[in-house]
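Each chain is listed here by its residues.
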Amino acid sequence: DAGVTQSPTHLIKTRGQHVTLRCSPISGHKSVSWYQQVLGQGPQFIFQYYEKEERGRGNFPDRFSARQFPNYSSELNVNALLLGDSALYLCASRPGLEVWGELFFGEGSRLTVL
Amino acid sequence: AQKITQTQPGMFVQEKEAVTLDCTYDTSDPSYGLFWYKQPSSGEMIFLIYQGSYDQQNATEGRYSLNFQKARKSANLVISASQLGDSAMYFCAMRNPQGGSEKLVFGKGTKLTVNP
Numbered sequence: 001d002a003g004v005t006q007s008p009t010h011l012i013k014t015r016g017q018h019v020t021l022r023c024s025p026i027s028g029h030k031s032v033s034w035y036q037q038v039l040g041q042g043p044q045f046i047f048q049y050y051e052k053e054e055r056g057r058g059n060f061p062d063r064f065s066a067r068q069f070p071n072y073s074s075e076l077n078v079n080a081l082l083l084g085d086s087a088l089y090l091c092a093s094r095p096g097l098e099v100w101g102e103l104f105f106g107e108g109s110r111l112t113v114l
Numbered sequence: 001a002q003k004i005t006q007t008q009p010g011m012f013v014q015e016k017e018a019v020t021l022d023c024t025y026d027t028s029d030p031s032y033g034l035f036w037y038k039q040p041s042s043g044e045m046i047f048l049i050y051q052g053s054y055d056q057q058n059a060t061e062g063r064y065s066l067n068f069q070k071a072r073k074s075a076n077l078v079i080s081a082s083q084l085g086d087s088a089m090y091f092c093a094m095r096n097p098q099g100g101s102e103k104l105v106f107g108k109g110t111k112l113t114v115n116p
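First to last, the protein sequences are chains P and Y.
Residue 112 in the working numbering sits at position 112 of the first sequence; the count goes up by one each step and never skips.
Residue 35 in the working numbering sits at position 35 of the second sequence; the count goes up by one each step and never skips.
Honestly, the hints are just simulated from the structure, not real lab data.
Where hints are given, some of them may not hold.
SDA-like cross-link-like pairs, simulated, lysine to any residue; straight-line CA separation at most 20 Å [unchecked claim]:
#1 Y:K111 / P:E107
#2 Y:K108 / P:G58
#3 P:K52 / P:R67
#4 P:K30 / P:G101
#5 Y:K73 / Y:T5
#6 Y:K3 / P:G56
#7 Y:K70 / Y:A59
#8 Y:K3 / P:G40
#9 Y:K3 / P:Q41
#10 Y:K3 / P:L39
Per the computed footprint, the stretches of chain Y lying under chain P, defined by three or more beta-carbons under 8 Å from a beta-carbon of chain P, are [unchecked claim]:
#11 47-53
#12 82-88
#13 102-110
Because the structure is a prediction, the values reported are computed rather than measured.
Beta carbons: idealized from backbone N, C-alpha and C, even for Gly.
Chain Y on its own, in the form it takes in the complex (with noise of 0.2 Å):
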C-alpha cells in the first residue's frame, strides 16, 4: 500500500532563513512520482515541485528544492531564503501510475509559519 509520511505537524522559521520539511514514502511500485503543494488558508493546493523515480538529479523549482534519497525512500522539501508569504500547510504527495487513474495519495501535512 502506498503511504506518505509527514511526521512534523508544525514547523517555525525566521524570515529569509532555509527551511526543510520532512517526507517518507512507502511503495513497492518501482514508478512512481513524489509532488509537493502548498494550501493557504483560502484551500487552494499550489502545485510546488515534482520529483519522478528515475530522475537522476534532485528536482528545482526557483526557491524550492527536493532533497530525493531514494534508498531512505525520503522526499524532504527545502525552502530556501524563506517568505511571509510561506506561511501555510505543506503537502507531501506521491502518485502510482497504476491503472490510469490519477489517485495522488497525501501526508497529514506540515504547517509552517515564518516569523519577522
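Next up, chain P with everything else stripped away, as it sits in the complex (with noise of 0.2 Å):
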C-alpha cells in the first residue's frame, strides 16, 4: 500500500510569490494534517483536518490556508511568501479520530524562499 505522498518534492519561490503544497493521505485515512519543519527545529503543527472541515489551526498567520478534498486528499497553500517561510513541509494521515495513535507522515515538500 502506499503511504502519504507530496508534491512537489522540492520548490524555489521568491519573496511574494504563492504556493500550493498537495498531500495524499493513506488510502482509507480521513485526518490530515500539516506541520512546518524549519531547520533545526522540530516540526510545528499548522492544520488538521477530518473530513473536509479544520479541526484544529497552530499559531501561524492568515497566510498560511488549507483544505481537503471530498477524496481526503489535501492542499496547504501560503500566501505572501516570507524568507522565514523556508522549511520542510511535511503532511501527516490518520484513519480518523482515535484519541491516541501513531501519525502516518510523508516526507514533505521543501520550500525554498528566496
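Both chains are given apart, each in its own frame, so use the hints to dock them into the complex.
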C-alpha cells in the first residue's frame, strides 16, 4: 500500500509569491495534518482536517490556509511568501479521530524562498 | 503550555551498543501521550514507540523501549544493539487530546550517529 505522498518534493519561490503544496493520505485515512519544520527544529503543527472540516489550527498567520477534498487529499496554501517560510512541510494522516495512535508522515515538500 | 525538551543535540554510539536519548516534557493535563519518531535524511518521520500517561508499564517495540518516569516527567528512548541504520534525527513528541485536535508538540531533536 502507498504511504502518504506529497508533491512537489522540492520547490523554489521568491518573496511575495504564492505556493500550493499537495498531500494524498494513506488509503482509508480521513484525517490529514500539516506541519512546518524549519531547519534545526522539530515540526510545528499548522492544521488538521477531518472530513473536510478544520479540526485544529496552530499559531500561524492567515497567510497559511488549507483545505481537504472529498477524496481526503489536502492542499496547503501559503500567500505572500517570506524568507522565514523556507522549511520542510510535512503532511501526516490517520484513519480517523482516535484519541491515540500514530501519525503517518510523508517525506515532505522542501520549500526554499529566495 | 505543553513543552518538550531534548537536551542532547547530538549523540554518538558504537555499533551493537545501547544508547539512551533524553526527553522531558511539561504539561498540566493528566491525560497525554508521548511519542518518539525517527527522521532519516529523506525527511520522512517514522513512528517508533508510544507511551500513554496512564500506562502502567514502559512501552517496548523490538529494539526500542521507553523509560517512562511520570514523576520526573521524563520519557527517554532506549535503543538496544545499535545498528548503522539507526543514524538519524530522533524527535520526542507529546499530544494532549483536547478539543479533538491531534496536534503533536515536538522537541528540537537529537542527532544520533552510530559508528562502526
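*Numbers of unmet hints, in rising order*: Hint check: 12 fails alone, others pass.
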